[in-house]
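A.B. asks: Which chain is which? The protein sequence lines are A and B, in order. The first sequence lines up with residues 1 to 312 when you count with the numbering used here. The second sequence lines up with residues 1 to 285 when you count with the numbering used here.
No lab work stands behind these hints, which were simulated from the structure alone. Treat the numbers as computed from the prediction; the structure is a model and nothing was measured. Among the clues, some could well be false.
The calculated lysine to aspartate or glutamate pairs, modelled on DMTMM-like cross-linking and capped at a C-alpha distance of 20 angstroms, are [stated by the list, open to error]:
{"no.": "1", "chain 1": "A", "residue 1": "K230", "chain 2": "A", "residue 2": "E266"}
{"no.": "2", "chain 1": "A", "residue 1": "K6", "chain 2": "A", "residue 2": "E147"}
{"no.": "3", "chain 1": "A", "residue 1": "K311", "chain 2": "A", "residue 2": "E241"}
{"no.": "4", "chain 1": "A", "residue 1": "K41", "chain 2": "B", "residue 2": "D140"}
{"no.": "5", "chain 1": "A", "residue 1": "K231", "chain 2": "A", "residue 2": "D279"}
{"no.": "6", "chain 1": "B", "residue 1": "K142", "chain 2": "A", "residue 2": "E292"}
{"no.": "7", "chain 1": "A", "residue 1": "K307", "chain 2": "A", "residue 2": "D176"}
{"no.": "8", "chain 1": "B", "residue 1": "K141", "chain 2": "A", "residue 2": "E44"}
{"no.": "9", "chain 1": "B", "residue 1": "K138", "chain 2": "A", "residue 2": "E48"}
{"no.": "10", "chain 1": "B", "residue 1": "K18", "chain 2": "B", "residue 2": "E93"}
{"no.": "11", "chain 1": "A", "residue 1": "K18", "chain 2": "B", "residue 2": "D140"}
{"no.": "12", "chain 1": "A", "residue 1": "K271", "chain 2": "A", "residue 2": "E216"}
{"no.": "13", "chain 1": "A", "residue 1": "K303", "chain 2": "A", "residue 2": "E265"}
{"no.": "14", "chain 1": "B", "residue 1": "K219", "chain 2": "B", "residue 2": "E25"}
{"no.": "15", "chain 1": "A", "residue 1": "K171", "chain 2": "A", "residue 2": "D201"}
{"no.": "16", "chain 1": "A", "residue 1": "K17", "chain 2": "A", "residue 2": "D28"}
{"no.": "17", "chain 1": "B", "residue 1": "K171", "chain 2": "A", "residue 2": "E44"}
{"no.": "18", "chain 1": "A", "residue 1": "K17", "chain 2": "B", "residue 2": "D140"}
{"no.": "19", "chain 1": "B", "residue 1": "K171", "chain 2": "A", "residue 2": "E265"}
{"no.": "20", "chain 1": "B", "residue 1": "K138", "chain 2": "A", "residue 2": "E44"}
{"no.": "21", "chain 1": "B", "residue 1": "K171", "chain 2": "B", "residue 2": "E191"}
{"no.": "22", "chain 1": "B", "residue 1": "K2", "chain 2": "B", "residue 2": "D143"}
{"no.": "23", "chain 1": "A", "residue 1": "K170", "chain 2": "A", "residue 2": "E10"}
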Amino acid sequence: MYNPRKAYGETLIELGKKHPNLVVLDADLSKSTNTIMFARKYPERFFEMGIAEANMITTAAGLASCGKIPFVSTFAVFATGRVYDQIRMDLAYSQMNVKIFATHGGISVGKDGASHQMLEDLALMRVLPNMTVLAPSDATETRKIVELMAETKGPMYARVGRADAPLIYKKEDMNDIKIGKGLTVTDGDDATIIACGTMVDQALEAQKTLSKQGMETRVIDMHTIKPLDKKLVLKAAKETEVIITIEEHSIIGGLGGAVAETLIEEGCKVKFMRMGIKDIFCESGEPKDLLEKYELNEKYIVKNIQKMIKKK
Amino acid sequence: MKSYDDKTINELNITAVKIRKHIIEMLYRAKSGHPGGSLSAVDALVALYFFHMKHNPKKPCDPNRDRFILSKGHAAPALYAVLAESGYFPVSELKKLREINCRLQGHPVCTHIPGVEASTGSLGHGLSFANGVALAGKLDKKDYHVYVMLGDGETGEGQVWEAAAVAAHYKLDNLTAMIDRNFLQIDGNTEDVLRLESVRDRWSAFGWNVVEIDGHNIKQILDVLNETDEHKNQPSMIILNTVKGKGVSFMENNVDFHGVAPNEMEYNLAIKELDLMQKKLGAHT
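Sequences and hints are given; from them, build the entire structure.
C.D. replies: Okay, structure coming up:
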């Protein structure tokens, strides 16, 4: 287990050394997002913006206009919905080189409840022209994604969850990772699970269970929701004929929406299902209990795949 | 500190009338846009671009340039006219304002108009952007200065006050903001729509150095810019007392010209008045 937020904080320190132009902004959550690690190491390049997120986003745009590479962090709910107009005007429309790295995405935030469980951020960001949208799955991938964000021009949004997450990858697994290219983690021809963020681990657990039952599942880690790796989606559709998407996000407009658009437009003949939060606000509770109640775990993936393979 | 003589002031006043003529011409051709708030902003823009600011239209991305950010993006015609007359792009392009396949969008956009620092139009953003530029200037130990103009009605936006707090907290004395205090917004007098007074006390309470001047007196504007540039440890706010629609008699203090372009008759009348003004100032028209 390793917390992706911690991986983010550690990577910022490394990148701070490599890129003297990298600056970090936070809105009174630096201890939670872990930007405090950068703040301690490079205090002159860290800007505490207080509880004033709209100003933070636009200030980052101003910094970027002077050649800085601003990383902006807060919880996913405040990093997107609260500041949508600022992101739209000052980052996306203005094509500013600002990187929003949001933490505490999804329902696994747990006990803080629906006010803090951001389930619409990927959809909100995906619909903006010029935005790149990312959701890394573990600490190792987070490190690499943060590096790529610093080194690739343009406005970007990335989100991770709050909780510690199982380590899926070793460092060397990340050698060929690219923004916009999904990772095929396991191969199989019976069905495909396209997952992002916290749900990649659950997809891999489901894959193991299904394999024991004689069903070989392909698991794709779609760390980039936009631009979507359409080629990889279409290949999976053709070769496995069953596709499930899973994300800790509304079933509307996020990874599932993006994959559905691709499949329909390309005329794919597939059995398709989106797993995610079904257009409702959730509630307080232990993350594990919430994921069970809202049917977002290994058990439900297995159930759904079994059903769909039967209908094939 | 830049000094000037009476001749310079007269020339700047003549330029201001020229800019006002461009604005009327552009809006008449575009058949849409915002005359009132464009005309009230002109004199400060002229003082900045044609005298006070350190900038070079041939090097719009020079890292050492002073920056101006138009937070009240609907005054785009004033900014475009000033940029074109400064040499950022051909004056002939002004007549294409708001046309399809033209760079000059209804509101400023930084990605394809040289000299435009920030994309604005959604109110309340400009001061935050200016904060970012000022913070970068401090970090890089550059001596450029950042200027930003807000509308008075615009300060109803909460983001303005977030930015006001941050600028004071970080002691951004390389930042000078201006409020185009013309007392009118779309729905009427600012004090009826959403009370703003005391504007001076509000900004002072946030920790700003506040000065108040006649926003149409170029001499006063230049003097105060020299002062605020030198002010230390605080950002400065210049309250520009202005007249909405300034320079065209029937548009002055007339809220109906906030967002309505002149028709042919109004256009002819306005140009006639501005021509007269130019002659009075001794300009060769």
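A.B. asks: Take the hints in turn and mark each one as holding or not.
C.D. replies: Cross-check of the supplied hints:
no.	hint	in the structure
1	K230(A) / E266(A)	10 angstroms, holds
2	K6(A) / E147(A)	14 angstroms, holds
3	K311(A) / E241(A)	11 angstroms, holds
4	K41(A) / D140(B)	18 angstroms, holds
5	K231(A) / D279(A)	28 angstroms, violated
6	K142(B) / E292(A)	55 angstroms, violated
7	K307(A) / D176(A)	35 angstroms, violated
8	K141(B) / E44(A)	12 angstroms, holds
9	K138(B) / E48(A)	15 angstroms, holds
10	K18(B) / E93(B)	16 angstroms, holds
11	K18(A) / D140(B)	17 angstroms, holds
12	K271(A) / E216(A)	16 angstroms, holds
13	K303(A) / E265(A)	28 angstroms, violated
14	K219(B) / E25(B)	27 angstroms, violated
15	K171(A) / D201(A)	17 angstroms, holds
16	K17(A) / D28(A)	24 angstroms, violated
17	K171(B) / E44(A)	14 angstroms, holds
18	K17(A) / D140(B)	16 angstroms, holds
19	K171(B) / E265(A)	54 angstroms, violated
20	K138(B) / E44(A)	10 angstroms, holds
21	K171(B) / E191(B)	30 angstroms, violated
22	K2(B) / D143(B)	15 angstroms, holds
23	K170(A) / E10(A)	16 angstroms, holds
The structure fails hints 5, 6, 7, 13, 14, 16, 19, 21 (numbered hints given earlier, in ascending order).
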